[in-house]
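Respectively, the protein sequence lines represent chains A and U. Position 130 of the first sequence, counting from 1, maps to 130 under the working numbering, and the rest follow consecutively. All you need for the working numbering is the position in the second sequence, starting with 1, plus 1000.
Keep in mind that the hints are not guaranteed to be accurate.
[As the list claims (entries may be wrong)] Per the computed footprint, the stretches of chain U lying under chain A, defined by three or more beta-carbons under 8 Å from a beta-carbon of chain A, are: (1) 1016-1029; (2) 1056-1069; (3) 1109-1117; (4) 1120-1132; (5) 1146-1160.
[Claimed, not checked] Per label pair, the in silico range of CB-to-CB distance: (6) A:Lys71 x U:Gly1153: 31 to 41 Å; (7) U:Arg1151 x A:Glu15: 19 to 29 Å; (8) U:Glu1135 x A:Pro69: 29 to 39 Å; (9) A:Ser258 x U:Arg1151: 30 to 40 Å; (10) U:Met1046 x A:Thr207: 43 to 53 Å; (11) U:Gly1058 x A:Gly2: 32 to 42 Å; (12) A:Ser259 x U:Arg1151: 52 to 62 Å.
[Said to hold, decoys possible] No farther apart than 25 Å at their CA atoms in a straight line, the calculated lysine-lysine pairs in the PhoX-like style are these: (13) U:Lys1047 x U:Lys1075; (14) U:Lys1164 x A:Lys28; (15) A:Lys28 x U:Lys1009; (16) U:Lys1031 x U:Lys1004; (17) A:Lys316 x A:Lys341; (18) U:Lys1162 x A:Lys28; (19) A:Lys92 x A:Lys80; (20) U:Lys1009 x A:Lys80; (21) U:Lys1075 x U:Lys1164; (22) U:Lys1157 x U:Lys1031; (23) U:Lys1004 x A:Lys28; (24) U:Lys1085 x U:Lys1004; (25) U:Lys1085 x U:Lys1048; (26) U:Lys1047 x A:Lys71; (27) A:Lys171 x A:Lys282; (28) U:Lys1031 x U:Lys1048; (29) A:Lys341 x A:Lys240; (30) A:Lys240 x A:Lys282; (31) A:Lys57 x U:Lys1157; (32) U:Lys1009 x A:Lys57; (33) U:Lys1004 x A:Lys57; (34) A:Lys204 x A:Lys291; (35) U:Lys1031 x U:Lys1047.
For the record, the hints were derived by calculation from the structure and aren't laboratory data. Ideal Cβ placement from N, Cα and C applies to all residues, glycine included.
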Amino acid sequence: MGMTITEKILCRHTEHIEIQPGMLINAKVDIALGNDITAPIAVSEFRGAGGTTIFDKEKVVFVLDHFTPNKDISSARQCKLLREFARQQDMKYFYEGGECGVEHALLPEQGIVLSGDLIIGADSHTCTYGALGAFATGVGSTDLAAAMLTGECWFRVPETMKFVLNGPMNKWVSGKDLILDIIGQIGVDGARYKAMEFTGDTIKYLTMADRMSIANMAVEAGGKNGIFTPDDITRAFVEKRARRSYTFYESDPDAGYSSVMEIDVTKLEPQVAFPHIPSNVKGISQVGNIKIDQSYIGSCTNGRIEDLRVAALILKNRKAAPDVRLIIVPATPEIYRQAMKEGLFEIFLDANAIISPPTCGACLGGHMGILAEGERCIATTNRNFVGRMGHPGSEVYLSNPAVAAASAVAGRIAGPDEL
Amino acid sequence: MISKGNTWKFGNNIDTDAIIPARYLNTSDPKVLAAHCMEDADPDFMKKMTRGDIIVAGENFGCGSSREHAPIALKAAGISCIIAKSFARIFYRNAFNMGLPIFESNDLWDLISEGQEVEVDTDTGTIIISGGAGEPLTVAPIPPFMQELIRDGGLMKHIAAKKKSV
Ligand code: SF4
Chain A
1 MGMTITEKIL
11 CRHTEHIEIQ
21 PGMLINAKVD
31 IALGNDITAP
41 IAVSEFRGAG
51 GTTIFDKEKV
61 VFVLDHFTPN
71 KDISSARQCK
81 LLREFARQQD
91 MKYFYEGGEC
101 GVEHALLPEQ
111 GIVLSGDLII
121 GADSHTCTYG
131 ALGAFATGVG
141 STDLAAAMLT
151 GECWFRVPET
161 MKFVLNGPMN
171 KWVSGKDLIL
181 DIIGQIGVDG
191 ARYKAMEFTG
201 DTIKYLTMAD
211 RMSIANMAVE
221 AGGKNGIFTP
231 DDITRAFVEK
241 RARRSYTFYE
251 SDPDAGYSSV
261 MEIDVTKLEP
271 QVAFPHIPSN
281 VKGISQVGNI
291 KIDQSYIGSC
301 TNGRIEDLRV
311 AALILKNRKA
321 APDVRLIIVP
331 ATPEIYRQAM
341 KEGLFEIFLD
351 ANAIISPPTC
361 GACLGGHMGI
371 LAEGERCIAT
381 TNRNFVGRMG
391 HPGSEVYLSN
401 PAVAAASAVA
411 GRIAGPDEL
Chain U
1001 MISKGNTWKF
1011 GNNIDTDAII
1021 PARYLNTSDP
1031 KVLAAHCMED
1041 ADPDFMKKMT
1051 RGDIIVAGEN
1061 FGCGSSREHA
1071 PIALKAAGIS
1081 CIIAKSFARI
1091 FYRNAFNMGL
1101 PIFESNDLWD
1111 LISEGQEVEV
1121 DTDTGTIIIS
1131 GGAGEPLTVA
1141 PIPPFMQELI
1151 RDGGLMKHIA
1161 AKKKSV
């Protein structure tokens, strides 16, 4: 029997000629990622196991994005520890300060992760890189420590679920809405332990930013990875960024799938996930009157230049409602500069937005936009768990950037057509 | 190994933000993390529980973030074992990688009430409900590779042991 793209990439990183779902394998990793929350534990595990030198100084990447610029003494200490380790190991990819951005936007943009790679990251949204046609999955700090030491990671080969998306999308509908719709249908554990492969003729309408939003939220359905077959759009993105070779894989026609789900996207409207679980999804027309205190546009799901352009389109010549704090977080310095060049910052500032430096910030309730008890935020992020952006008594609603921008103006959750 | 303790019941989809909220992740000190264990699921949890207690949960326990701070907090709080209908993938890995015993049982959640004492034999995968009627429950055996991890005391020790034997 043939292999899926996920099985092929895993297989090519082992000694096996063929692999099947359920097998336990040890595979070589191309990139192992850690951040300011997860890497400190990995460093201490690495040292605890007698580790002195990392397996490859070009393959271990640290991005200090979560609590940076450092929000307090404890987080500054964590970063200091990582900085010293990175210098001592002469790591090629260590990001902080003005070069730093949200890891899952930064790594594809900088050409550090490429098509055909096997990538692990001690961060659950590492699955974002599946947009490039890579196998990428989140692991814990101990897995990262082991990979830093050996260059390998253990995996159970996942079954693959195939999602066939058909038709062009309606206006204001983006990759974010497609994945929210899927999570709404299959639930937050609908793809538990499984690979999610996205195919169908809708794919050709999806930008790399859309594909990254979709792959990013595979973990919100419990998936091990989300993956797209690379095409010309992928090539145009990867070509100009890659500094090493890369490979395009695709599933064999006779590959085996645990399920196939057909989705007609032509009827889909923008989606909103209600608290406190990403599967609690409604179409924008069904939302009702929900007042908001904050609108947050950013994160590894929707902080890319395409997302900021959509937000600017809606915010142009408009202002955020008086009681709404509108926070816009360009995900990387490159995106920040590009947005500035295109004049988006003028539009945002005129709309009374706060423009944040690239950081995870309030997405995980870290800093710079925390919610008080009873406050409501519409966010372009990926999780709306209890307490995710602040007080356990606050609420987070997930949407695409167009809806978040329109809601900021309306003062309640609203679609762009309602303005 | 036998874990015996009183049970605390939680529902489906207990996420890592509920187990250890991100506002406490500016440290990886197990003691600090343990002090806030399960805080957003039950603010009084740490006041009520005692060391050795067992968590019994529904589907998809530990979903969300990859933070190992979650199993670290649970372990440091003194939770001796977690039995859920199912676990989220990364939490499952993390628990084995650091030697926190976890089991999947579809039935236990419905058979007990909170506070009831259970005894778990982590080697054989049997669960006995104290004072409960009927046969002990047998849960799906832990895959051999994971048993190796537990035997060696976690992934890093497993790697070290393998290196030595080469
Ligand atoms: S932006 Fe949010 S979801 Fe993405 S890596 Fe940062 S904290 Fe995690």
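Violated constraints from the hint list, given by number and in increasing order: 3, 4, 8, 12, 15, 20, 21, 23, 26, 30, 32, 33, 34
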